[in-house]
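Q: As a plain string of letters, each chain reads:
2 protein chains.
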Amino acid sequence: MKAEIIAVGSELLTPDRLDTNSLFLTQELNKLGIEVSRKTIVGDNRADLRDAFAQSLERAEVVISSGGLGPTEDDITREVVADLLGRRLDLNPQVLAGIQERFRRIGRQMVEANARQAMVPEGAQVLENSRGTAPGLLLESNGRLVILLPGPPDELKALFAKQVQERLAKRAGGLRQFSRELRVTGLPESDLDQRIAPIYTKYSSVNTTILAAAGEIQIHLRAWSKDVRETEIILDEIVEQISVALAENVFSTRSTSLEEVVAEALNMNRATISTAESCTGGLLAERLTRIPGSSSYFLGGVVSYSNDLKTAWADVPAELIESRGAVSPEVATALAEGIRRRTGSTLGVGITGVAGPGGGTPEKPVGLVHIALADGGATRERGMFFPGDRERVRWSASQTALDMVRRYFLRATGKKPGPKV
Amino acid sequence: MKAEIIAVGSELLTPDRLDTNSLFLTQELNKLGIEVSRKTIVGDNRADLRDAFAQSLERAEVVISSGGLGPTEDDITREVVADLLGRRLDLNPQVLAGIQERFRRIGRQMVEANARQAMVPEGAQVLENSRGTAPGLLLESNGRLVILLPGPPDELKALFAKQVQERLAKRAGGLRQFSRELRVTGLPESDLDQRIAPIYTKYSSVNTTILAAAGEIQIHLRAWSKDVRETEIILDEIVEQISVALAENVFSTRSTSLEEVVAEALNMNRATISTAESCTGGLLAERLTRIPGSSSYFLGGVVSYSNDLKTAWADVPAELIESRGAVSPEVATALAEGIRRRTGSTLGVGITGVAGPGGGTPEKPVGLVHIALADGGATRERGMFFPGDRERVRWSASQTALDMVRRYFLRATGKKPGPKV
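Top line first, the protein sequences correspond to chains A and B.
Position one of the first sequence corresponds to residue 60 (my numbering), numbered consecutively onward.
Position one of the second sequence corresponds to residue 60 (my numbering), numbered consecutively onward.
Treat the hints loosely; a few may be bogus.
Given that identical chains are not distinguished, each listed pair holds provided it fits within a single copy or across any two copies.
Claimed, not checked - Heads up, simulated DMTMM-like pairs for lysine to aspartate or glutamate below, C-alpha to C-alpha not over 25 Å straight-line:
id : residue 1 : residue 2
1  : Lys216    : Glu450
2  : Lys261    : Glu132
3  : Lys261    : Glu70
4  : Lys90     : Asp107
5  : Lys261    : Asp75
6  : Lys61     : Asp107
7  : Lys216    : Glu70
8  : Lys285    : Glu319
Worth flagging that the hints you see were computed from the coordinates, not collected in a lab.
Everything numeric in this text was worked out from a predicted model, so none of it was measured.
One chain only, chain A, in its complex shape (with noise of 0.2 Å):
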């Protein structure tokens, strides 16, 4: 079954705004087992509109369409469907004692645009929004669905979740997607595929897709079919061959960030973290402090910019930053070091280098990071060489931090390598 979706808005059509409404559909469809074969994008204008839904209608059986329900002259998606299918608008009493309802609600009086959204196309189902006064609107024409759902995303989600899934499950039939997600660092994108095409190219049930990013690999795994139990089994079994081919080098099968699976590590083990950071400027602290309850295992961190208080909050020796150089892998480790004595953490990070774009010197180019993990034994370190711009270097000198702390628990728990599936 084939679906296509048309995201209405001439603010759309700007260098300013993305649809993003269809990432969420797409995925919601796919579930179903409706394949996404075409998006269009058109401004808030009759004839464009009247067009595209035309053309789509010709070829999918499913229309989905986000946006132009709204009150003002602009929002004309319903008045082009009705009249492209030949409908008649009716004035919805229900409907418009809803909306009225809800303006009372909020303490204000409904305008006399507001009415426009209550006007409803002869045979259509209303499908409740519970998060605003749009409805969104169903018709059957020819055998073919064309679903109107208002633009505002958290209304469109919450729309499709009550009112459109089920609907849409009777009629997809028994095919759905079925799908799972591993998360890896610490591999080049070309190394994991070498290690994992020979497993993937085994199943030809199972579509593959490897994302690259900054630190980080996501291989998603995707399958049509009508058999739960089946491909459940299947999708395992990759799985876990993928996992035991990359081992520790996994770090998720849940969707779960790095900083949540160090923060779960982190609370398994009742350990704590502080952090001494320089070029990556507080990065690495922020994001071990974005997950909720981070308090539990984050004491602090210092952002030591200048080599004073590199000295001043992490002992740093004046006399080793003035030998071997702020960038260097000893002031690396004596941050680590140094921040854990301060806080009385269990563990201590340090980083210090050069995140550019100037700085930069021929011995210790923009790119170098020194990454220390301090326990109170023997302190690791690793001299790293990132590519791109600042803000990338940045981003993978935390990624690489994060990943020590998690490897770290790996060997401190003896663990067998790769995440239980």
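Following the hints, complete the assembly by docking chain B onto the known chain A.
A: Leaving out everything else, chain B in the frame of chain A:
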């Protein structure tokens, strides 16, 4: 003059990928006075692709595609368009030599598949690609222009700038787009609109878009004209009037971020800054150090999550935390004053609050944040309540902190409100 954009690639019809090339293309086309009237996203499917090009060519004078020019079997844009326009595909020896040369330079053998990229439709102009092997192609047919560009953003951008822009400019005639942007903090969107609507509604030839995000509003002004001088004068006039109406709430008329504006103010005043953060977890330090050369004004910062570290790192008296609570105007003030004293910086910023989702109480709910700015004289403190989730609360708090620094320098330097245009 109207253009349509076709993004080609099955990966763009999955939940993982969005076509972002069209934002760049729209911006560049708009500058040349060409409006984008539709965007279509299709997979690597011969029938779909042919249909998309055929329909776009019926409607628009310029059709630009991205993607599908690579060396693999999936890359069919070149063949589909040649076939649709009835053009023979010939191997172009010059293009082939270029591709071979490219491979030689990186020390690799050209694979047979890459020869596909040297196939050129009869009568097409080859657009040299300085960043990759796939050249762009430009075809004219019945007075319409078809431009095929490679998908990788860096290749597409470089190729457009060097090979497409001028050709399109000639064709587009004199009409061009002119634009201005103002960025604003400290006003709700409705207040802002009430103040500036009387201004922008007077100018019917200028299109005004207001985009609101957490702690920041952008005002985009766009006009299409053949008359450079007149249009520039009108736009400057509107910017001037809006700047007066919104006064010191405007922080940029040059598309600069708030942290860039703060960095400039610090540098210009030869001032330094330090930070003591709690709920923002290092985000303020991270934003202050995003700017290249930030070591000239940023000395350092602490993320004192635990109460002990607030005392140890910023001299916040333990009794004060005990009596007023960690989230209080007094502790924010002590953090700002303490970190300033410790680092010897010109300014010190202290932030403490409840980012959520847990930790809120009836007196101190999630979203409550206290922010203080110390300069050695009377410390300024603001208690704010930010709506939204953890991420939004943290971002809004960092935004307000940066804005307090910006406004401090406006007052300190006695600068006339509003930036220079």
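Q: Each hint should be assessed against the structure and marked as holding or not.
A: Verification of the supplied hints:
1. Lys216 with Glu450: between (32 Å within a copy, 20 Å between copies)
2. Lys261 with Glu132: Intra 55 Å, inter 20 Å, cutoff 25 Å: inter-copy only.
3. Lys261 with Glu70: between (45 Å within a copy, 21 Å between copies)
4. Lys90 with Asp107: between (30 Å within a copy, 23 Å between copies)
5. Lys261 with Asp75: So Lys261 and Asp75 pass the 25 Å test across copies only (23 Å; inside, 43 Å).
6. Lys61 with Asp107: both (22 Å within a copy, 13 Å between copies)
7. Lys216 with Glu70: Classified as both: same-chain Cα gap 20 Å, cross-chain 22 Å, threshold 25 Å.
8. Lys285 with Glu319: neither (34 Å within a copy, 54 Å between copies)
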